[in-house]
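> Fit chain R to the given chain E structure using the hints.
There are 2 protein chains.
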Amino acid sequence: MPKVHNFSAGPCILPNEVFQKSAESILNFNNSGLSLIEISHRSKDFVEVMEEARKLVKEILEVPETHDVLFLQGGASLGFLMSAYNLMGTHKTGGYLVTGAWAKKAAKEASFMGNSLIVDSSEDKNFNYIPKDYEIGDNLDYFHVTSNNTIFGTQIKNFYKGNIPLACDMSSDIFSRKIDVKNFDLIYAGAQKNMGPAGTTLYIFNKDILGKSSVPIPTMLDLKTHSDKDSMFNTPPVFAVYASMLTLKWLQNNGGLDSIEKQNEKKADLIYNQIDNSSLFKGTANLEDRSTMNVTFTLENDDLNETFNTMLSDAKINGLKGHRSVGGFRASMYNAMPIESVQLLVDVMKELETKKG
Amino acid sequence: MPKVHNFSAGPCILPNEVFQKSAESILNFNNSGLSLIEISHRSKDFVEVMEEARKLVKEILEVPETHDVLFLQGGASLGFLMSAYNLMGTHKTGGYLVTGAWAKKAAKEASFMGNSLIVDSSEDKNFNYIPKDYEIGDNLDYFHVTSNNTIFGTQIKNFYKGNIPLACDMSSDIFSRKIDVKNFDLIYAGAQKNMGPAGTTLYIFNKDILGKSSVPIPTMLDLKTHSDKDSMFNTPPVFAVYASMLTLKWLQNNGGLDSIEKQNEKKADLIYNQIDNSSLFKGTANLEDRSTMNVTFTLENDDLNETFNTMLSDAKINGLKGHRSVGGFRASMYNAMPIESVQLLVDVMKELETKKG
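Protein chains in written order, with the working numbering: chain E, 1 to 357; chain R, 1 to 357.
Treat each hint with caution, since some may be false.
Unchecked claim - Dumping the calculated SDA-like pairs for lysine to any residue here, alpha-carbon to alpha-carbon at most 25 Å:
1) K316/E / L27/R
2) K224/R / S325/E
3) K105/E / P216/R
4) K212/E / I217/R
5) K157/E / E288/E
6) K316/E / N28/R
7) K224/R / S116/E
8) K44/R / V4/E
9) K92/E / F112/R
10) K229/E / S111/R
11) K321/E / D45/R
12) K3/E / A23/R
13) K321/E / M50/R
14) K21/R / Q20/E
15) K212/R / T219/E
16) K316/E / N31/R
No lab work stands behind these hints, which were simulated from the structure alone.
The shape of chain E in the complex, shown without the other chains:
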């Protein structure tokens, strides 16, 4: 059991062996007598790290030969812009499914080089559901979705399948479940949930999109720039890529997506069952759209907040404060979160129920 139970929404818990090995690498990398962070990124040792990280992504997600994998910088926030630049076609229009704060920000960036069309939005109900009955015209160059909404605790269970190229910000649930990569023209994800520390951003895309944009793309925002140089066009964020590689290796060694998906469902079931059987707690997300990564809930009686917070603190449960736009509580349970920590949280919720329910 960890000393502190870290339910932070991101940056967030990572496997303990990632902390151990990445700390070691800073003192003495590969027994070279040099630190990981002082060697040239063009050295054989680091090029191997980058190649291993890309290979692990391909193996774990079963990325088809049609697609390339890159580790870049800028977070999903730069991904909003890059996805629009790289996918903008002859219609000069991107379509967006607005399911949360980040999706809304993504939609804004398309307007810098084209038109941004909101296909559907759940803002009417403070993003507590995933819209499903939308229609997509044939005047779109791409359709952009956000797979998991960290703030609002919702998650897309069935992705769009159709003729319009699909782009997806998968920052907060990539590597948490199986996905069919070939259905996506572009996936991007900030590392700092299931993949590694903050500081690198994963891009997976169909190589067919390269060089096809209808707008001129500045060098660093063009995926072709980075694909042509095997993700080494400029100095990569060395430490973040290395720690991501270690996290991906941990995932692969622990059964990959088959295994982690089952564990994540088990953890989510534990806490959602407690919420649904409680007289004190209430989930905020629509039942069928509930996220396995971020469980958002409130105490129906605000007066109990202080008591609950004290109990959480006594149990060394950390990072449970909900985002200000939803309030209440949020339990983020990424891959590295042990089920024992979730059980402890559920036990504390039960204890409050016994005391005050």
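Here is chain R on its own, set in the frame of chain E:
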């Protein structure tokens, strides 16, 4: 004395205490029981790191109140684009002093939202000098220079002073010498030389430029976005910022720029004197433009390369291979390089001289 003498051009040598403290932080940050890379970037502990890093930059460089300091992502390569976006004015033209490969890449990015004008270039002599007798018209929105050219071993000794706003890519010599920040409208620098590990990019700019661009700037490329949020608009590259903060603290504790500038000159003198008094070695850069950071030189007799390389390897001198566009050797001697390592290199050069000179 370090086990390995790391003359790598970047990422490169950093102070030993930075390796020690940053490795510790990954195992147990601030005695929190949590790793630096698993805590929320909005936590009090990390916000303090970011604020301390910004404060140290301001103190060490004596940044005036008119200027702001940010730690962003993307490297200088994204800085090429951001500087053009943020400084483009009514003339829709940026002027560039092309003193090397990076300067040339910087000039290219202005063409995505305006005109890029080459004020002068030293490409005629493979960038072995800094042009000085150029004239700057009054039809420029800004004048962009590269303070130090890592590949070619040249460095600007006297910066332009005039009415045109000055932008500078200072990636490879920031914090190596005193500069007068108020003369620059924008300075940017990838961290991975004198400031820290790869993965974060420093921006220092006159706050007057914010919101004045004549072109629409995508959200993440607009310095105002980040300035308004105290460098925390999106998740920062936590580890890279922390290790940079430690490096800056080391610099401050060791006498700041006054002291480091003298040390850097001493180190540079040592090796340039050896080159100039040698019958075997020849410097490639114009005498008055020689860089104190990157010393580029060749062996006049190519047949000696193998012998010299073996001697370097025996002395555990690492990273001395010159860039392919210059050939020969390059000794990069950033702030953290002890003079003892430079002396050792000079001793090896002397030994070759005795044997073969």
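> Now tell me if each hint is right for this structure.
Verification of the hints:
1. As the CA atoms of K316/E and L27/R are separated by approximately 18 Å, the hinted pair is consistent with the 25 Å bound.
2. Distance hint between K224/R and S325/E is fulfilled; the C-alpha atoms sit about 24 Å from each other, no more than 25 Å.
3. This hinted pair checks out: K105/E and P216/R have alpha carbons roughly 16 Å apart, not beyond 25 Å.
4. Annotation: proposed proximity of K212/E to I217/R holds, straight-line Cα distance about 23 Å (limit 25 Å).
5. Proximity of K157/E to E288/E is assessed by CA-CA distance (about 8 Å); at most 25 Å being required, the pair is judged to hold.
6. Pair hint K316/E plus N28/R holds up; C-alpha atoms about 15 Å apart against a cutoff of 25 Å.
7. Restraint check: the Cα-Cα separation between K224/R and S116/E comes to about 23 Å, which is no more than 25 Å; the hinted pair holds.
8. At most 25 Å may separate the alpha-carbon atoms for a hinted pair to count; K44/R and V4/E meet this at roughly 17 Å.
9. Between K92/E and F112/R the CA atoms are separated by roughly 18 Å; this keeps the pair inside 25 Å, and the hint holds.
10. Distance check on the hinted pair: K229/E and S111/R sit about 22 Å apart at the alpha-carbon level, within 25 Å; holds.
11. Under the criterion of a C-alpha separation no larger than 25 Å, the hint pairing K321/E with D45/R is consistent with the structure, at around 16 Å.
12. For the hint linking K3/E to A23/R, the alpha-carbon distance of about 19 Å falls within 25 Å, and the restraint holds.
13. With a C-alpha separation of about 22 Å, the suggested pair K321/E and M50/R falls inside the 25 Å cut-off, and the hint holds.
14. As the CA atoms of K21/R and Q20/E are separated by approximately 14 Å, the hinted pair is consistent with the 25 Å bound.
15. For the hint pairing K212/R with T219/E, the CA-to-CA distance comes to about 24 Å; that is within 25 Å, so the pair holds.
16. Proposed proximity of K316/E and N31/R is supported: the alpha carbons are some 14 Å apart, at most 25 Å.
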